[in-house]
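*Asks:* Sequence:
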Amino acid sequence: MATPLDLDQLQTFCAIADCGSFTEAARRLYKTQSAVSMQIKRLEERLDQPLLLREGRTVSLTPEGDALYARARRMLRVNAEIIDMFSEGDLAGNIRFGIPDDYAVRLLPIVLSSFQRTHPKIVVDVKCMSSEDLLDGMRTGRFDLIVFSQGTMHEFGELFRTEKMFWVSSHGGLALGSDPLPLASGSQSCYWRANAVDALNRIGKDYRIAYTSSNATAISSAVLADLAVGFLPESALQPGMRVVDDSYGLPRLNDAQIALMRASHAYGGIYDALATHIVGSMGNLEGHQTNLSDAAE
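In our numbering, the protein residues as written are 177 to 473.
The set of hints was computed from the structure by calculation and includes no laboratory data.
Where a beta carbon is used, it is the ideal one built from N, C-alpha and C, also for glycine.
Mixed in with the good hints, there may be bad ones.
[Claimed, not checked] Ranges of calculated distance between the beta carbons of each label pair, as one might list FRET restraints: (1) 218 - 254: 28 to 34 Å; (2) 415 - 260: 39 to 45 Å; (3) 457 - 231: 41 to 47 Å; (4) 415 - 296: 26 to 32 Å; (5) 209 - 427: 47 to 53 Å; (6) 182 - 262: 16 to 22 Å; (7) 218 - 416: 56 to 62 Å; (8) 253 - 210: 26 to 32 Å; (9) 209 - 270: 22 to 28 Å; (10) 415 - 225: 53 to 59 Å.
Given these sequences and hints, build the entire structure.
*Replies:* If you want it as structure tokens, here you go:
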């Protein structure tokens, strides 16, 4: 009979894969770097496969390591579920949570306020920033859980909600009829910006990036002030925005994909409590959305 894999070794492997560094993984796991290296050596010997490529200070997954990663995470999740099954007492602790500020204005009052009422002993420290910054923060160990906008550049995380993207403008403004079309968007690394620009290029629509900000509130303000036209998912629409209908000839946008990502330690207990609440609450937001028929002219 094959000897079972060591869960501690698998958690160490996942931590290295998450942050791309033996040194950072050792810091997160409260181990010495030599202990981390020894665990990976033993895991590779156990599987008789190289799992990590070490090139200077850069660490990446081999094809074998990539195949192991998702399965190792599933094992860590099941382990946490078993521990929770036999645990007693109220959940308590701190969670470092990140969410894009595109969603924060509408979702934080709905999602986190209800969570705090049902889990008063769990303290959630929230940071709002762009998805790119949140993913960077996850890699560098600043978060336990994040919600982020998933797209073709980020084929990872736990996808739990898909929603339509809309072109938006101010009511009665001039920006929508301008040529070239002025756009308010995030930075060049923003997936929604790439989506919108690619769609406009496909139909040969002339445009210019008139307003750039990594702050969603600033972008919404530019749209509402008629400085530019924007593009937002349904759950990020703001009161007073006009949803642009098909009569203006703007191209269809790809759907927004919203995903949850966890640090390799963030399974079970307080982390599952928050993750389950987020997925359940955001999957049930229809009653809280802006009335699109009222928003469109």
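*Asks:* Quick check on a hinted range of 39 to 45 Å for residue 415 and residue 260, using CB atoms only.
*Replies:* 40 Å, holds
*Asks:* Can you let me know if the beta-carbon spacing of residue 218 and residue 254 is within 28 to 34 Å?
*Replies:* Once the Cβ atoms are compared, 22 Å apart, the range 28 to 34 Å for residue 254 and residue 218 is violated.
*Asks:* State, for the Cβ atoms of residue 182 and residue 262, whether the hinted interval 16 to 22 Å holds or is violated.
*Replies:* Holds - the Cβ-Cβ distance for residue 182 and residue 262, about 21 Å, lies within 16 to 22 Å.
*Asks:* Taking 26 to 32 Å as the stated bounds, is the beta-carbon spacing between residue 415 and residue 296 within them?
*Replies:* 31 Å, holds
*Asks:* Does the Cβ-Cβ separation between residue 253 and residue 210 fall within 26 to 32 Å?
*Replies:* The hint (26 to 32 Å, Cβ to Cβ) holds, given that residue 253 and residue 210 are roughly 28 Å apart.
*Asks:* Holds or violated: the 41 to 47 Å window for the beta-carbon distance between residue 457 and residue 231?
*Replies:* 42 Å, holds
*Asks:* Return holds or violated for the Cβ distance of residue 209 and residue 427 against the range 47 to 53 Å.
*Replies:* Taking Cβ atoms as reference, residue 209 and residue 427 lie about 51 Å apart, which means the hint holds.
*Asks:* State, for the Cβ atoms of residue 415 and residue 225, whether the hinted interval 53 to 59 Å holds or is violated.
*Replies:* 55 Å, holds
*Asks:* In this structure, is the beta-carbon distance linking residue 218 and residue 416 contained in 56 to 62 Å?
*Replies:* 60 Å, holds
*Asks:* Looking only at beta-carbon atoms, does the pair residue 209, residue 270 fall within the given range of 22 to 28 Å?
*Replies:* 26 Å, holds
Hint violations for this structure: number 1 only, all remaining hints satisfied.
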